[in-house]
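**Student:** Listed here are the chains, written in short residue letters.
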Amino acid sequence: GAVVSQHPSWVICKSGTSVKIECRSLDFQATTMFWYRQFPKQSLMLMATSNEGSKATYEQGVEKDKFLINHASLTLSTLTVTSAHPEDSSFYICSARGGSGETQYFGPGTRLLVL
Amino acid sequence: GESVGLHLPTLSVQEGDNSIINCAYSNSASDYFIWYKQESGKGPQFIIDIRSNMDKRQGQRVTVLLNKTVKHLSLQIAATQPGDSAVYFCAELPGDYKLSFGAGTTVTVRA
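Sequences listed follow chains A and B, in order.
Here this note's numbering is used: the first residue of the first sequence is 800, the next is one more, and so on.
Here this note's numbering is used: the first residue of the second sequence is 33, the next is one more, and so on.
Just chain B, with the same shape it has in the complex (with noise of 0.2 Å):
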């Protein structure tokens, strides 16, 4: 059946540098998107989201890029931190209000 998935499970970047998690997709009927970050024994916490009407869509030192025609989605964390250290989800949302998350990237800052 038609899946989120995610490119890399780990990622590994230098404090101060910019960071980029990609995902894809496979659901075209799939119109909203949501970034989600996890840390290590809590619960899933909201990030940003993306309607499919938009291409770009900027946060608090993060950014997602919408690419509909190749199906894929990134999140860009700009300076990142150690406090950025986690397990990031991206989820689509098709018709039927049920999220779909991706397998996961795990992101590791280095000091």
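Excised from the complex, chain A in its bound form (with noise of 0.2 Å):
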């Protein structure tokens, strides 16, 4: 029990696009959501959280107008880091957290280079 999964698993794109990041609660239903961002050899940096149905919650210093995220159902999650800029280029990383429960499950992670 507890997966989370995320589409895609990595991409490639070129500077000035959108790309899309899906997060997905497959057997439970998420409340919570979060996003997360990682460089390398280094620990995880949160972005937002998000609740169903409701804004998200952005970090400090985090541009919500760069990275969107839609929280529309309870098993599913999307980030959009618009514009992308190689700068951009990281490990996105979301978790879900279900109910009450105080754990989060992580998803694989989605891994993004921008040319």
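These aren't lab readings, by the way, just hints derived from the structure by calculation.
A hint or two may mislead.
Far from chain A, by Cβ distances over 10 Å, these chain B residues were calculated [claimed, not checked]:
(1) Ile52
(2) Thr95
(3) Ser117
Derived BS3-like pairs (lysine-lysine); straight-line CA-CA distance at most 30 Å [unchecked claim]:
(4) B:Lys74 <-> A:Lys865
(5) A:Lys854 <-> B:Lys74
(6) A:Lys813 <-> B:Lys103
For every residue, glycine included, the Cβ atom is placed at its ideal position computed from N, Cα and C.
The two chains are supplied separately, each in an independent frame; assemble them into the complex guided by the hints.
**Tutor:** Below, the structure is given as structure tokens:
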């Protein structure tokens, strides 16, 4: 149980294009989903928290117009990197938490390379 | 600000030996802690958790110890196997339900 998937697993795009990453909870309803960014050999950095049906809460320093988050259902959240630039290249990981549970389960991550 | 940190960035252990990974936390308001394992190119995988009203919890080959007096958390892996090679993160959960991760310890298992 508690499986979280991400799609795509990796993506290469040209600078200036937008990229959408999907995060799905496969066997539970995720009332809250989290989006993280991770650089090589570093820890996870929380970007934003999204609750189903409401606007995402962004961490300080994260541009909400740059990283659009939608959590339209209890099993799906999307992160759209708009007008991507090479500095946006990173490993993006989502996690999901169900109901009143505290444990977060992570997706496998999406590696983004912007050329 | 308060943060979760790990004592050592790397740990090399002989296959079959026991591993101990340490973590120090500073947020006294945290009441829930999790250990995650992250293999190269993958997302973090839940290993074991512990609440602040406990000082020890055991899983399959893993044990987490919590010492609230000195704000110290450790993960013990029994009979370490090559598949245990990964980066291990401790994470604490203060009241706002946002996990705070430590820097990670890279565990390398020698054959």
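**Student:** May I ask which of the numbered hints given earlier this structure violates, with the numbers listed in increasing order?
**Tutor:** The structure breaks only hint 6.
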